[in-house]
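Chains A and B, in that order, are what the protein sequence lines are.
Here the numbering used here is used: position 403 in the first sequence is 403, and no number is missing along the way.
Here the numbering used here is used: position 281 in the second sequence is 1281, and no number is missing along the way.
Think of the hints as simulated: they come from the structure by calculation, not from any bench.
Careful: at least some of the hints might be erroneous.
[What the hints assert, rightly or not] Straight-line alpha carbon distances no greater than 35 Å define the calculated DSBU-like cross-link-like pairs of lysine-lysine that follow:
| # | chain 1 | residue 1 | chain 2 | residue 2 |
| --- | --- | --- | --- | --- |
| 1 | A | 102 | B | 1119 |
| 2 | A | 427 | A | 268 |
| 3 | A | 468 | A | 268 |
| 4 | A | 237 | B | 1155 |
| 5 | A | 52 | B | 1008 |
| 6 | A | 268 | A | 52 |
| 7 | B | 1155 | A | 48 |
| 8 | A | 88 | B | 1119 |
| 9 | A | 229 | A | 217 |
| 10 | B | 1155 | A | 217 |
[Claimed, not checked] With the C-beta cut set under 7 Å, the calculated list includes, among others, these residues of chain A facing chain B:
| # | residue |
| --- | --- |
| 11 | 400 |
| 12 | 609 |
| 13 | 610 |
| 14 | 613 |
| 15 | 632 |
| 16 | 652 |
| 17 | 664 |
Just so you know, even glycine gets a beta-carbon here, dropped at the ideal spot from N, CA and C.
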Amino acid sequence: MRTRSLAAVLGAVLATAAAAQSPPVLFQTPMSPRNANYAIDASLDPVKHALKGDERIRWRNIQQAPATDAWFHLYLNAFVNSQSVFMKESGGQHRQFQFDDKSWGYCRVTAIAQIVEGKAVPLKQTFPREDSTVMRVELAAPVPPGGEAQFVIAFEDQLPKVFARAGYLGSFHMMGQWFPKLGVFQGDRGWNCHEYHLNSEFFSDFGVYDVAVTVPKAYVVGATGVLWKEADKGDTKTLSFHAEDVHDFAWTASPNFVVAEETWNKVKIRVLMQPINRGDIPRYMASVKRALDDFGRWLWPYPYSQITVVDPPLGGEGAGGMEYPTLITADANPFIPRSVLFPEMVTVHEFGHQYWYGMSANNEFEEAWLDEGINSYYETRVMDEWFSPNRSIVDGFAGWRMGDVAMQRLSYIGVPGLDPIVLPSWKYVSNGAYNAMSYAKPVLVLKTLEGVLGRPKMDEVMKAFFMKAKFTHPTTEDFLRITSEAAGRDLSPLLRPMLYGTGTVDFKVARVTSLPEETLKGYDMSVSPPRLAEKARTADQARESKGKDKAKEEDRRPANRLFDSSVVIQREGELVVPVEVLVAFEDGTSKRETWDGQGRYTAFSYHGPKVAKVVVDPDGKVPLDLRRLNNGWVKEGGGLPARALKARLRTVVQGLLVMLFNWM
Amino acid sequence: MRWMSSVKNGFLCGRGGALSAALFYLEAFLLSSMALAPLGAGLHRVLDGSPEALSLASGGGADLLGELAFNQPGLWAAGFGLLPWTILLHVVFALVLTAGTYGLAASDEPRHPWGDFWKGALRLTLPFAGVLALNVAGWGAVTVVPAMALMGVAKAVEGSTSSAAVWGLVAGWGSALLIMAALFKGSLGFGQARYTLSGKEEGFGRSLLNGTAFSLRRVVPAAGITLLFGAGRFLAFWGLYWVLAPGFATGGRALASMVLQQGAFLAAAYLRAAEIRAQVSYMRSWDELARRPAVGAPADSQAPGALQPAPALDSSDTLL
């Protein structure tokens, strides 16, 4: 690759800045600190799948300590060679997608300078971390608190064949994490700028992005922000996008996209669809509309004017299921049947990230649950209300159905106690543990919290957290503090062990006994003077024999007999969670008890009809419960579940045997 | 059309075919019941006392199945403990029943199907074990080739933007595989039919070779017969999984689904018996055409239930 001189870079950047018309103002009052602002001019070579860019960054130090250096992410260097942290951790596989080792990628800074008193002072790049995804420069002039630094950078990208978020496939280009990007300065703690890890996502400051991309004229482009200018030059066109109060910028380009646009609640929904999946456009549209409504109702109306949904091509699904500000990638496929609701779920999930990541911009490297987990909780709510709780992922596929929360439980119960939720993403024992702890367990924790607080209070609490967290970098401690304030009670004793610990909870019905009421022996003290109970019974028997035989017979009927019953509920595991218990009796009545979960067990006693059924957590308010099959006891089960499962298994086993006849 | 006539002979199976189908069905039913008994007992032990488990009865509770997998590993190990032995036993029984069915199909005394069945079983079971070995090898190929084909299709459709292209590729590869499988299976089937008809005149290996040559010379009708019965079985199983299986998710339809499920298995068993008879009928008709007396050919072709040779060649039969 050709290296341009610093003077040429600076000249190009300044000339672009001078020649530029003013982009539109989207928000009269900034919603975020806007301390990391980017202007980028990039040109895509769709044949080489390469890009050249000039970048100008204006960064303001909003911390209380001076900055003497600057750290940048060069995320694309995750794909530079086999020695990158990402490649070593992943072994070339991300989710279920395999890296093509003939198609490496990189991001190379060919020149970088700091503008000091109008002059470009070249800066020396070093790579202080384990790989070249993190670049450091010593500043020519330190930046005091409140001060501002300007950088000009020339860079070149070579895209890998897409398997993990960014890259190309044929003429499809997904440009995520594609430009040199500042880390987050944290004052005395220095720059928060981690390597690109297999399990981690990203972290950056808010700002304004002005990005001009040059692509072949036939290409359809989707990007963060809004398109405000388009200019043709020969066979190419340059599209200028403007975004405010966002912390990243992504774009995509392909000549094959089918464009569908609709407006909903004053938000333009733009779907860039692969022709092969065009039949799924209504599924995407409906998902975004539903999410816009629900997130707007529960948290805050979506503030941006546009959301773009990108559908990756067949074989390029590694780019799918990803969030960027005002642009998300989804995941449709002609082979996914209608009864499997993954396209809806993925679209709702990625849209939700506009709130949990986009606006509430936590450090995804270190506390991924704050976006993935909370967002997954809202995803389950949208899906459950849209479809129904027990069929919000699989809706009748070959007679099977599955709800979103059940899917999260399935993920959690496989690795419930290996790692805590709050853990840097690269420290999890496995990719499965990261997924379970960052996505699934937080859903179950928040559902459990919802069970404790009730839905209205939960909504109030979560909205309070969002409103304080939006356009900041919230932490788990912020979450605990703000939610406790909003709940009017300290939620830490409940939540802290769930978030920071590896403890589990498992309620079970330990014992149910119903014994016929015991015949009194000795003195009956309820009469005066006390008399021996046996004498009283003799008197009773005498009365019965004088004509009360019928009534006695009635009393002897099983339904009318009285029992002394005892129900013992046990809590295994370390987590203390309040729970309800439903006790049903043979006469059709029932009682609902509440146990605060303290201690290892609790017992309930009854005098009356025999106990017929006991269910711990009858409304499923504690989905964190590790084993739900031991949550109940029933006197006569009937065996229906076992018979039904066996019948389904017979389809497989007998079917296999019958099929074998064909090969004899 | 000779092959259609053979197919008709297969379907109009008479008492002999009915006996074979019933034996196929009953054997699979009894063995699968035996294989599933420990699992059924285990499931009853674990689930009967749990009100939560009710969602499993209606097709839900995937997380509860996960619980069973994670927390009750012994349930599955013990529950499926008999399955490998059942399959082994089934292989032996299936060999005997298949051999008996071929023998019965070639029988000249369909008035005594039970006796003919066992005569055929005694004579053919051992040689047919060789077919099983070929099938194991064939299955290996049948597993590897589709896997490679799938990888090829996945590679070919990568980045594809056209539905027609994708489905065309899938259909193309699928058809090619289907024809390969039909030829392989048909060759074995006609080899077995030939050996059954030729008695001890021809060794089993030679019969298989001649059967393969036979089905390759008449590739369209031979593969057509195999594909036709394959399609019938596919429909039966498609119905099982996609039409009947959902019935288990609704309490009211569970019993009906169970009955229909057994109906589908019976249909699959009947189709297998019919396929064998059709193969034998088609093979015999060509032997007659060659003026070569088929060993075991019916002395009295008008006997009730006897397998009728197909009519003479007409223009619709394909000779390759």
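Okay, the hints, checked on the actual structure:
1. A/102 - B/1119: 63 Å, violated
2. A/427 - A/268: 40 Å, violated
3. A/468 - A/268: Measuring from Cα to Cα gives roughly 27 Å; hence the hint holds.
4. A/237 - B/1155: Holds, at roughly 32 Å.
5. A/52 - B/1008: 71 Å, violated
6. A/268 - A/52: This hinted pair holds, its Cα atoms lying about 30 Å apart.
7. B/1155 - A/48: Given pair residue 1155 of chain B, residue 48 of chain A holds - Cα atoms ~20 Å apart, limit 35 Å.
8. A/88 - B/1119: It is violated: about 65 Å lies between the C-alpha atoms, which goes past 35 Å.
9. A/229 - A/217: Holds, at roughly 14 Å.
10. B/1155 - A/217: Holds. Residue 1155 of chain B to residue 217 of chain A sits at ~28 Å (cutoff 35 Å).
11. 400: The hint holds - residue 400 of chain A has a Cβ within 7 Å of chain B, the shortest such distance being about 5 Å.
12. 609: With Cβ-Cβ at 18 Å, over 7 Å, it is violated.
13. 610: The hint is violated - residue 610 of chain A has no Cβ within 7 Å of chain B, the shortest such distance being about 16 Å.
14. 613: Because about 6 Å separates residue 613 of chain A from the closest Cβ in chain B, which is inside the 7 Å limit, the hint holds.
15. 632: Nearest chain B Cβ about 4 Å off; hint holds.
16. 652: 9 Å, violated
17. 664: 4 Å, holds
Comparing the model with each earlier hint shows violations of hints 1, 2, 5, 8, 12, 13 and 16; every other hint is respected.
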